[in-house]
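Protein sequences appear in the order of chains A and B.
Per this note's numbering, the first sequence starts with residue 3, numbered consecutively.
Per this note's numbering, the second sequence starts with residue 15, numbered consecutively.
Think of the hints as simulated: they come from the structure by calculation, not from any bench.
Treat the hints loosely; a few may be bogus.
In silico lysine to aspartate or glutamate, DMTMM-like type, Cα no more than 25 Å apart, as pairs [unchecked claim]: (1) B:Lys-119 x A:Glu-145; (2) B:Lys-122 x A:Glu-286; (3) B:Lys-122 x A:Asp-152; (4) A:Lys-295 x B:Glu-52; (5) B:Lys-61 x A:Glu-286; (6) B:Lys-185 x B:Asp-258; (7) B:Lys-135 x A:Asp-152.
Quick partial rundown of chain A residues pointing at chain B, CB under 7 Å, derived from the structure [what the hints assert, rightly or not]: (8) Phe-186; (9) Thr-233; (10) Tyr-237.
The beta-carbon is built from N, C-alpha and C at its ideal position, and this holds for glycine as well.
If you want the building blocks of each chain, they are given just below.
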Amino acid sequence: MRRHLPVLITLGVFIVGYLICLAQFPSFASTRVIGNLLTDNAFLGIVAVGMTFVILSGGIDLSVGSVIAFTGVFLAVAIERYGINPYLAFVLVLGLAALFGAGMGLLIHAFEIPAFIVTLAGMFLARGLCFVLTTDSIPINAEAYGQITDIAFPLPGGGRLTFVAIAMLLVVACGVVLAHFTRFGANVYALGGNRASAQLMGVPVGKTTIRIYMLSSFLAALAGIVFSFYTSAGYSLAATGVELDTIAAVVIGGTLLTGGSGTIIGTLVGVLIQGLIQTYITFEGTLSSWWTKIAIGALLFAFIVLQRGLSAASVRAR
Amino acid sequence: MKARHLLTTIGMAALMLSSGAAYAQNKMTVGFSQVGSESGWRAAETKVSKIEAEKRGIDLKISDAQQKQENQIRAVRSFIAQGVDAILLAPVVATGWDAVLKEAKEAKIPVVLLDRSIETKDDSLYLTAVTSDTVYEGKVAGEWLAKETGGKCNVVELQGTVGSSPAINRKKGFDEVVAANPGMKIIRTQSGDFTRTKGKEVMESFIKAEGGGKNICAVYAHNDDMAIGAIQAIKEAGLKPGKDIKIVSIDAVPDIFKAMADGEANVTVELTPNMAGPALDALIAYKKDGTAPKKWIQTESKVFTPDTAAAEYAKRKELY
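Kindly produce the complete structure, drawing on both the sequences and the hints.
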C-alpha cells in the first residue's frame, strides 16, 4: 500500500482537478476535451515514458527536447529536400537517435561522468545540429503526413481519438510491461535503488545504463515524429524546455527523483495533470498562461516534500 | 428507481448545457491565441484587443502561448472544444497549421489570422488575415536610411526570431533597397530574437567585431525592442546612438519615441497594434449575413521621426 501511495495521490489530484474543471465548465465532460487532452499531450507522454526509466535508474536526461526538435528538422530536410520516403526517414531518425542515446549512456557508464553533464552536452549538440541543418521552419508536404494525421476514431459526442493519441497509449502500455514484467525493468529499479548492491547482485550495470539512455533518446525521437505530425513542419526552436516539463510530469507522477521507486502509469497521470491545467486556463480565458508554470511548480514542490516525508517515514518504520 | 434518478440527472444536465448554448448566442465569444508577451508591441496588441472586443460587446478569451507553437495548437483545440464563435490566431511561425485549422473548419468556426500570415496550400482554412505589409515596412525603413545617408552606409542588421514571417519579410524589403543602392551594404546580420537583451548582446558583439564600431553607419533592427537594446550597447561602447550610429527600427512602441525625443534614435515605422479591431468587424459582418471579407486586410505603415516623438510618446504611453 505504501509503495503505491504516491501514484494514488497523483491520481487523486487528477480526479479532484478534473471535477473542479467540470464544476466550472460543464463542457469538460465532452469527449472532445478528453480526446484533445490525449492528442495534445501525446508527444509529452511518449517522451515522459523514456524519462521515467532514466529517473528510475537514478539518472536524468536533459537532451530530450533537443532530440524532438532535431527529429522534426531532420524529417523535414530528408523528406522535402532529399525526397526520402517518409517511412524510411522515420526508421533512419529513430536509429540515429538510438545511437545518440547509446553514446550518451556509454559515456556516463565508462567515464563515470554525471548524467546531468553528459545529457546537457547532448542537449546542446542536438539543438546545434538543428540550426546547422536549417534555420528556417520547413513545412512537410508529403502525402503520408496528411494520411496519418487524418487517421482518427470518432468518439461519441464530437471528440476524436487520433492516431498520435493511440500511439502514446501504446507506448505507455509497452512501458508498463517493460518496467514491471521484464528483466530489464527489474534491473532499472535495482540500479536506482542502490547502484553498489545492484552490481553485487549481478545486475549488468553498463549494459543497462546504455539501454536506458538508448530507450530515452529513441522515445524522444518517436515523440519528435509525433510532434512533426501536429505541426507538419520542422523547426529548430521547437520543443524548447520540454525536457523540464517532462521531468516535472515524471516527478508529479510519483517517481522518486533519486531513483528506485515509481510507475509508468503515474507518469501518464502526471502528463495529463499538466494538460488539464493548461486546458483549464484556456477555458477560463483571462488568466495568464504562465499560471500553468506556477501551478506545476507548486505541485512539484508538494510532491517532493511528500516523497521526502514518505521515505523518512519508511526509514523510521525499519 | 435508481435508473429513473439517473435519467433525471442526465436530463437536468442536458437542460443546463442547452441553456448555456442559448446564452452564448446572445453574446459572441471569441478565442484569441496570442503568441506571447515577448515585446512591448505584443503586450499592446493584447491590451488593444481587449479594449476593441469590449467596445463591440464581445467576450474575448485570451491564451498566451509563451512563444510555443504546441501551446497555440492546444489553445486552438481547446477553443474548438469550448465551442467559441470565432478564433483569432497570431501564429508564432508560418508553417504547420493545416491540421488544427482543418479541425476548426470542420467545427464551422471561422479563424482570422492576426499580424502574421501562414503558409498553406488551402487558404479556405482561414477567413481572412489582418496584417501589415511587412516587406513594405522593411522597404520604407531602408528608403528612409538611403535618403538620409545619400545611399552610402554600412548597416548592421538585428534580425527577428529565426524563421518568423516578419523577420523574413522585413529583411527582404530592406534588402531590396540595399540592392538598389550600390553604396549601401549590410556588413553584419544576426538574430536578436525580437528581445532587448538579445539585441544588446548581439550589438555588443557587432561593435567588437567592427573595430569598436567606427565602421558602422547605422543599425537596422527588425523591432524597436532590439533597437533599444542596441542603443544601450552603443552607449556602453562610448559612442553616441542616433549620431555616430543611426538607429532605424520598426513597430513604433512608446519607448522608441522616448529614445527619439532624447535624440538617441532616428526613425521608426509603425506597425499598429490594433489588428483585432478590423478582424472583429470582419467577423461581425460575416456572422450577421455571411459576407466574406477580402483574404487580406492590410493595415497602414506610417513613418515617425524625432520631430513628433514627444507628442506621440504622451499619446501611446497609456496603451503599453
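| Are the Cα positions of B:Lys-185 and B:Asp-258 separated by 25 Å at most? | The given pair, whose Cα atoms are some 23 Å apart, holds under the 25 Å limit.
| query | Given A:Thr-233 as an interface hint, is the shortest Cβ-Cβ distance to chain B below 7 Å? | reply | 3 Å, holds
| Within 25 Å, alpha carbon to alpha carbon, are B:Lys-135 and A:Asp-152? | 17 Å, holds
| Can we keep the A:Tyr-237 interface hint, with Cβ of chain B closer than 7 Å? | It holds, given that the least Cβ distance between A:Tyr-237 and chain B is near 6 Å, below 7 Å.
| said: For a C-alpha distance cap of 25 Å, please report whether A:Lys-295 and B:Glu-52 respect it. | reply: 17 Å, holds
| query | Do the alpha carbons of B:Lys-122 and A:Asp-152 lie within 25 Å of each other, as the hint requires? | reply | Between B:Lys-122 and A:Asp-152 the Cα gap is close to 18 Å, so the pair holds against 25 Å.
| request: Quickly compare the C-alpha distance for B:Lys-61 and A:Glu-286 to 25 Å and report which way the hint goes. | output: 17 Å, holds
| message | Hint check: B:Lys-122 vs A:Glu-286, CA-CA at most 25 Å. Holds or violated? | response | With a Cα-Cα distance of about 22 Å, the restraint between B:Lys-122 and A:Glu-286 holds, given a limit of 25 Å.
| said: Checking hints one by one. Is A:Phe-186 an interface residue toward chain B, by the C-beta closer than 7 Å rule? | reply: This interface hint is violated because 31 Å lies over the 7 Å limit.
| field | 25 Å limit on alpha-carbon distance, applied to hinted pair B:Lys-119 and A:Glu-145 | value | Judged against 25 Å, a Cα distance of about 20 Å means the pair holds.
The structure fails to meet hint 8 from the earlier list, while all remaining hints are met.
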